Amino acid sequence: MTAVGGTRMIRATSLLAFLMLLAVCAALISLMTGSIESGWRDLLAALSGNSDDTAAVVIMELRWPRTAAAFTTGALLATAGALMQVLLRNPLADPYVLGVSGGAATGALLAMLYGLGTLWLHGAAFGGALLSMLLVFALAHGSGSWSSHRLLLTGVVVAAGWGAVISFLLAVSPDQGLRSMLFWLMGDLSFTGIPRAGAGVLLGGLVLAVALGRPLNILTHGEQTAAALGVTVPVLRRFIYLLASLLTATAVTVAGNIGFVGLIVPHMLRLLGLRDHRVLLPAAALLGGSLLVIADTLARTVLAPRQLPVGILTALVGVPLFLALLWHGRDRHPAQA
Amino acid sequence: MALLQAQHLDVSVAGIPVCRDLVLQIEPGDSWCILGRNGAGKTTLLHTLAGLHAPDRGTLTLDGTSLATLPRKRIARHIGVLFQDHHDAFPATVLETVLTGRHPWLGPLQWETAADLALAREALAAVDLAGLQQRNVSTLSGGERRRLGIATLLTQDPYLLLLDEPANHLDIHQQVRMLDLLGQRAASGGRALCIVMHDLNLATRYCDRFLLLFGDGTTLQGTHDAVMTESNLERLYRHPLRRIDHANGPLWIPA
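Which chain is which? The protein sequence lines are W and P, in order.
Quick note on the working numbering: the first sequence kicks off at 1 and runs consecutively.
Quick note on the working numbering: the second sequence kicks off at 1 and runs consecutively.
Derived by calculation from the structure, the hints in this document are not laboratory data.
Please note: incorrect hints may appear among the correct ones.
Simulated coverage check for chain P against chain W, where a stretch passes if three residues somewhere in it have a Cβ under 8 Å from a Cβ of chain W [what the hints assert, rightly or not]: (1) 19-27; (2) 71-85; (3) 107-116.
No more than 20 Å apart at the CA atoms, straight line, and that leaves these computed lysine to any residue pairs for SDA-like [stated by the list, open to error]: (4) Lys73/P x Gln224/W; (5) Lys73/P x Pro305/W; (6) Lys73/P x Pro234/W; (7) Lys73/P x Leu106/P; (8) Lys73/P x Gly213/W; (9) Lys73/P x Ile16/P; (10) Lys73/P x Gly123/W; (11) Lys73/P x Leu52/P; (12) Lys73/P x Asp63/P; (13) Lys73/P x Thr61/P; (14) Lys73/P x Arg238/W; (15) Lys73/P x Tyr159/P; (16) Lys73/P x Ser38/W; (17) Lys73/P x Phe239/W; (18) Lys73/P x Gly222/W; (19) Lys73/P x Gln5/P; (20) Lys73/P x Asp157/P; (21) Lys73/P x Val235/W; (22) Lys73/P x His53/P.
Given the structure is predicted, the values throughout are model-derived calculations rather than measurements.
Just so you know, even glycine gets a beta-carbon here, dropped at the ideal spot from N, CA and C.
Work the whole structure out from these sequences, hints included.
Written out as structure tokens, the structure reads:
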């Protein structure tokens, strides 16, 4: 490694190390917080697996799956958001803008309406997300041109269509089911197990996305420029679309529609001056995961024993954080803010 | 061997013919200028030569291979484009932007090396932007952004440099400096230029081959003396022109 590449690598590595530390801290706080007080000793005992008192059971059976689900979902959404922003060449795009979440919600609500179990619910949500993703892909493809505008318009209109279907399903649902439906729509982590498949999708997707980091960097300068610099733009864009949609579909399947993480996390990192997608994407995954773990910890403790949908908390935590960064960053990036 | 060869090329944009049956051969050391009215399709033709716009008919060959069958990355090592406009949707520093020029030369997972960085810095110095490396691109003036585009092209270091109105936004001093710089680059190591330009005086100063697009599919090409006559140019621009002979060469002014 050369000297210059070396310093860039060191800076990137130290940032990622810091975010990793943040993720570990967030996870520890999440594991030790809840209606049953647990300290370091309980945590260590639970993690070593040789304790079967209540505290350990709560940590391993309740809090650990939920923490893992929160982290995975946040990381999936933040990565998908960063990819979607490059794809649509719009720093304000989020993972849901093209209707993937609407399809998932329709599938999930139908499963709830017919009283199907959790597994069916997950399957229906994922199926709905995939259906929406392919629908937008095919419709935007149309006559062959696949411009950002056409894709965005198609996605937004399809999302609006799903919105109508969701409202219809809510209107015809019996009252007793409405509460869980609304919670699902707002993003809810209370019914998740350890998301093994989700973590697999996250890792695989992240590796692929980071491998495409340099072409992604170049794509931010415009499609024509990217093509002239040797990027096979149509193939790359289709790949990003499918990858971002798949990550979003997985996140929505795990935890419903959790808003805001996918929009603000990548944008926050950009405001902090991070631009190279080879670093930005893993950083977004770590920060998104940590943010959602913190938000979920708050969601289940602020009004305990009542639990809030985590989507409310992501906005409550994210909005002020984002505004502070925007305010702070306006001198450094005047034209951008 | 020609750097780029066009055979029986038909190009159109939005149903309007740009050229019909165009045969063009860009040789190392050539400095081509594409002239035509607004909307005659100069930019479209330039994009076609770069393989970014498909011709209706005919073939483009690079080193004897059809351009359409070559991977984009391989094309980008041979042909570089300076576009008419720059679209920066995301913040990026001047140095990061100029480094994008190295993309075609790097392996898929390779990071930019110190040698790439040195090339980038050298190019920035050549266009007088050395002091602005850490500036956000969106804070640059029009002329500075233009010079950054030229520096990126120099960093890409292709054999054929396709320039779409390179003098846009540049003051007189920078127009001459940048075209001198690009001309020197093209004259070295078997390279060539192809420039879309409106300024006839800069065109005659920097180019030795001319391609006139009349906007109806007909074209005319050749050396300065063969093509750049009063009657041809008046027909091209549909405007009366006066030629003034000066010690540095002919000057054209609209009548």
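(request) Output the numbers, in ascending order, of every earlier hint that fails for this structure. (result) Of the numbered hints given earlier, those the structure breaks are 1, 5, 9, 10 and 16, listed in rising order.
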